[in-house]
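Chains A and B, in that order, give the protein sequences. Residue numbering for the first sequence follows our numbering, starting at 1 and increasing by one per position. Residue numbering for the second sequence follows our numbering, starting at 1 and increasing by one per position.
Mixed in with the good hints, there may be bad ones.
Stated by the list, open to error - Listing some non-contacts, in silico: residues in chain B with all C-beta distances to chain A over 10 Å:
hint : residue
1    : G77
2    : L93
3    : L112
4    : G176
5    : T178
6    : L202
7    : E225
8    : R253
9    : S293
What the hints assert, rightly or not - Here are the in silico distance ranges between beta carbons for each label pair:
hint : chain 1 : residue 1 : chain 2 : residue 2 : range
10   : B       : Y232      : A       : P65       : 53 to 63 Å
11   : B       : H38       : A       : L49       : 38 to 48 Å
12   : A       : L105      : B       : V113      : 34 to 44 Å
13   : B       : L19       : A       : G205      : 32 to 42 Å
No wet-lab data here; the hints were simulated from the structure. Just so you know, even glycine gets a beta-carbon here, dropped at the ideal spot from N, CA and C.
Residue strings, one per chain:
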Amino acid sequence: MAVAEPFVVPRPAWRRPLSLDLRAPRTWSIIGASLFAVMTLIALAAPLLSPHDPLVPVGIPLAAPGHGGFLLGSDSIGRDVLSRCLYGMRASWFAALVVIAGGFLIGGLVGLVAGSSGGWIDNLLMRITDGFLALPAPVLAIAVVASLGPSFTHTLIAVSVVWWPFYARIVRGEISKLAARPHVEAARLAGAGRVRIALRHLLPGALPAAVVTASLDVGNLVLALAGLSFLGLGQSAPAPELGADSARNLSLLLQQWWVPVVPGIAVAVLAVIANVAGDSVRNLIDPE
Amino acid sequence: MTQVRFVGQRFAAMVIIVLALAAAVFALQKMSPLDPVHARLGGQASQGAIAAERHALGLDRPIVTQFGHYLAGLVHGDLGDSYRTRRPVTTDLLAYVPATAELAATGLIIALVLAIAFAFASTLRVRGAGLFRLGLMLGASVPTFLLGVFGILLFYQHFGWLPASGRTSIGNAPTGPTHLLTLDGLLHGRPDVTWDALKHLLMPATAIALGPAVAIGRVLRSSLEGELSSDYVRTARAKGRSERQILLGHVVRNAVGAAVSMTGLQVGLMFAGVLVVEQVFGWPGLGLYIAESIPVADFPAIAGVTLLLGSAYVVINAAVDVIQAAADPRIRV
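From just these sequences and the hints, can you work out the full model?
Pasting the structure below:
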């Protein structure tokens, strides 16, 4: 007599017990994903890590890296480039995280409402989303910041405004796939209300895809925000900001290369860290 | 018949999106704390002059009427006057567009060449493909402006191979008819001008090309690999076709669709890259224009650049969809 094997749902990789086997790819993915936390800690600790005040001249101007007590040199009025970069990385990192969180929340909400209600609400919300997606986001962000006036908050608002539609699309796609599944029908038959179905039976299934998208997106945002800052659409002059610090000192490039180059390298370091961490999160949640 | 209907629908969608863009730019202008009358007349103007100017600009009419006038202006190519240059924005844009168009087009060509090389090298497992891939990936993680800066340090300062700024170093370069120096040089029988323009283009165009190249190359590679594991490829292999024949004769045409769509989408990223990289190379295009407009809050100029680049992006992507539908009847939106 054939006995039906009980169907065991495999646990997702991130729920399995932690092991420290350095040969297992999963261990490396966990290490990679924890870079998000490490970078956030570094960003939080920027004031402790910086050897000098980023805003105040503390030594001879234009000292080369390693000279005059400056590890990464000093800028044209004698401020410490390393300290300015650490503070700039802190601002860029948190800005990217804030925009991701904003996009995730707004886009997730729009996608959830559209996907779970269907009908004309779905149609209307998705047409608006498509309209946004049909326009070049970075160019639109420039116009929004320019009209609000350049400032850090306005940059965050502007980029969030153009960044959410991507998340709405992804969440809506996942939700409408899930809505056709039997467990949702079962919940409906059991008398669950629409809100309960959306929050308890649809949203948890859509989260992994949204989290993967968000973690792969941090690097893109770091680069996009650095570009806006480079164009002068960020904090105003004395504030340490990576893109702007590079743009303002371009004229020094052929004599004192470190002044414009080091902030750019800091952006690249942030983007690489974010991309490695994002890839690791994807491997953990969704291992092909 | 369905083809015609598809083109019609796509065209209608394009017009609606451009209208929405115009409405968004108009709304931003209204939301902006900057008063256009103040910007035109300065702080010392009398009450009467301000009222007269408000009336002349139509700012005392209802907002819907103002939007109607704005749209009518756009249709006639009127984008308002720049606060900074005091000239019509359209005139300014016409002066700056050719440089940007030339740079963006060259960047797109370089991005496509790199993407195709990347996708085929890793699909065919050519020796050194891994290294090439790593190089491209690193390049795509580096901000555009830093790529430009590294290029200048290496190829201008260290090797002295390439110029570091501007479009040309030839004083009497021909002006017209296309205003694209590479083409004008050829049309005027001046290959030296074309060669010089190409040398100026190479660094900024490569800097904006790397990010899109990786994005396009990834899509192309994954659809190439997807097609290679399909049944018709197995049949072709069983018939004894070589891998090269299979790839070029069967697979490429089926695999290219997603990459073409991605190319259209990457144009947006490329426009943003152009605006940034023009600062680094002192390239006399829209990026320089918008960078000079941002510090003085010259909103009509910024709005003009946004409308122009936004519409170009929408039109390019509509064209990509139509071309794809013509090439592959399976595609429908």
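Hint check results:
1. Distance to chain A confirms G77 of chain B as a non-interface residue, since its nearest Cβ pair spans about 19 Å, more than 10 Å.
2. At roughly 14 Å, the least C-beta separation between L93 of chain B and chain A is larger than 10 Å, which holds for a residue marked as non-interface.
3. L112 of chain B, annotated as away from the interface, keeps every beta carbon of chain A farther than 10 Å; the closest lies near 19 Å.
4. The non-interface label for G176 of chain B is consistent with chain A: the shortest C-beta to C-beta separation is roughly 28 Å, beyond 10 Å.
5. The beta carbon of T178 of chain B is kept farther than 10 Å from every beta carbon of chain A, the shortest such distance being approximately 24 Å.
6. At roughly 18 Å, the least C-beta separation between L202 of chain B and chain A is larger than 10 Å, which holds for a residue marked as non-interface.
7. Every CB of chain A is more than 10 Å from the CB of E225 of chain B (nearest about 13 Å), matching its label as outside the interface.
8. Listed as a non-interface residue, R253 of chain B keeps its Cβ farther than 10 Å from every Cβ of chain A; the least gap is roughly 27 Å.
9. With a minimum CB-CB distance of about 8 Å to chain A, S293 of chain B fails to clear the 10 Å threshold, and the non-interface call is violated.
10. Against the hinted window of 53 to 63 Å, the Cβ-Cβ separation of Y232 of chain B and P65 of chain A comes to about 58 Å, which satisfies the hint.
11. For the pair H38 of chain B and L49 of chain A, the beta carbons lie near 45 Å from each other, so the given range of 38 to 48 Å is met.
12. Checked against the hint of 34 to 44 Å, the pair L105 of chain A and V113 of chain B passes, with Cβ atoms roughly 40 Å apart.
13. Separation of L19 of chain B from G205 of chain A is about 37 Å and conforms to the stated range, judged on CB atoms against 32 to 42 Å.
Checked against the numbered hints above, the structure violates only hint 9.
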